[in-house]
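Below are the chains, spelled out letter by letter.
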Amino acid sequence: MGTAADDIPTAILGRPVHARLRSAALAAWLREHWHYPAHALAPNAFAVTLEEVEPGAAPRVTDGEPVPATLPGIRLELRHSGGAWLAGDRDAGVRLQLAHDGAEIVVWGADREDGRAPFAALYVAICEALRASGLVPLHAAVASPPEGGAVALLGPSGTGKSTTLLRLVAAGWTPIAEDLSWLDPTDSVLYGWDRGVRLWPGTAERFIPGLAAAPWRAGPDGKRFLDWRVLGAPERRAARLTALVLITRDPAAATAWEPLPAREAVRALWEAVGVPLSERGRAVTAAAAPTLVSGPAWWRLRLGAGEIPARLPAD
Amino acid sequence: MNLDPTTILTPRRGIIETELEDELILLDPASGEMFSLNGTGRSVWRALDGRTVAGVVSAIESAYDVAPERAGEDVRALLAQLLEAGLVEVGLVEARSDGNGG
Chain A
0 MGTAADDIPT AILGRPVHAR LRSAALAAWL REHWHYPAHA LAPNAFAVTL EEVEPGAAPR
60 VTDGEPVPAT LPGIRLELRH SGGAWLAGDR DAGVRLQLAH DGAEIVVWGA DREDGRAPFA
120 ALYVAICEAL RASGLVPLHA AVASPPEGGA VALLGPSGTG KSTTLLRLVA AGWTPIAEDL
180 SWLDPTDSVL YGWDRGVRLW PGTAERFIPG LAAAPWRAGP DGKRFLDWRV LGAPERRAAR
240 LTALVLITRD PAAATAWEPL PAREAVRALW EAVGVPLSER GRAVTAAAAP TLVSGPAWWR
300 LRLGAGEIPA RLPAD
Chain B
0 MNLDPTTILT PRRGIIETEL EDELILLDPA SGEMFSLNGT GRSVWRALDG RTVAGVVSAI
60 ESAYDVAPER AGEDVRALLA QLLEAGLVEV GLVEARSDGN GG
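Protein chains in written order, with numbering that gives the first Met the number 0: chain A, 0 to 314; chain B, 0 to 101.
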């Protein structure tokens, strides 16, 4: 069965994607998670081949060294053997093979409707391919202040990244990402990689009363979703990374900005980017890390009592 | 902890190194354990390429022109700390590549 290739990404951040798909489910998933035509970068030599096969034609899932995929928000174990990573079983799974000039991903079982479709593993595989191609994913809320640049808000889930983002947006900042963006270390530009903001019901209204009447959609996880377009965000949400902020909570104290020591910045950075599976992905991230720690400004935003000042402190 | 001079210590696989201007920061993503190495410590870490403990000591002695006894004590103390923190392991040198061409 051939699937209409309309709106299937032909490149992700300049990395050509050669997709041979069989199911509409996989096409829809690719469109939703990887199709950001506003983020068209110059063509890159690193190509990603994505082939969907019938489960009967799936690569053999052999034994291999178990390796955890430590993408923020995803806990998944893969098996690593002979330069390839495998997840799943003979009914549904993903195989990733990295080469010098590209990545080959084989997926099967993507059209299963029993909750076993291997989209988390496929997400990990595409992320790893992009990492090996020289990009770095950043698990953060990102916004651009009126003076320009991009400020990334880091911290574990539930710390208040999204609500802080919305408060800054209400104060005139432009949203870039709520949860994930991709960084191109060659020019430090961050590309927003989500469609809007997701919050627990009641959260936004508490801080920004005007948003209560916005057209929120109910999400499958109980959170509610607000499209960037409703917030007036531009289609191309990208800017050069100028500052990173680690958000911590301290209800007993007053809300305050503090400089973040380099050591804490290193830990916060690796927690926000996750640990790549491949030696090559790790090398890309490790090469970018020193510049990311010493280049942009690093702050801790201690969320306590009082309003968040809408301007970063002067260096 | 007493380290035998013939012991070979190697960096544990998966330890993340971040080079800053005046320190090398090691992070074990599994445990969250972090370790900061200054100039000499960084040289010790870089010398863990299959040498024995005695070999590392002698590399540091010649690089830093310090008294052998003092260098030996300092290097062995640092190696013991790295071992305790799980950042190095006792064993043979392992190829630090996963065969993906990079």
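Hints in this document: simulated from the structure, not taken from any laboratory. We put the beta carbon where it would ideally sit given N, CA and C, even for glycine. A few of these clues could be false.
Residues from chain A that face chain B, not an exhaustive set, calculated with beta carbons under 10 Å [said to hold, decoys possible]:
(1) 66
(2) 73
(3) 248
(4) 250
(5) 252
(6) 254
(7) 258
(8) 266
(9) 269
(10) 270
(11) 274
(12) 284
(13) 289
(14) 292
(15) 295
With beta-carbon atoms standing in for the labels, derived distance ranges [as the list claims (entries may be wrong)]:
(16) A:209 / B:45: 40 to 46 Å
(17) B:6 / A:148: 35 to 41 Å
(18) A:115 / B:31: 49 to 55 Å
(19) B:4 / A:15: 42 to 48 Å
(20) B:4 / A:59: 22 to 28 Å
Which of the stated hints cannot be reconciled with the structure, identified by number in ascending sequence?
-> 2, 3, 4, 5, 6, 7, 15, 16, 17, 18, 19, 20
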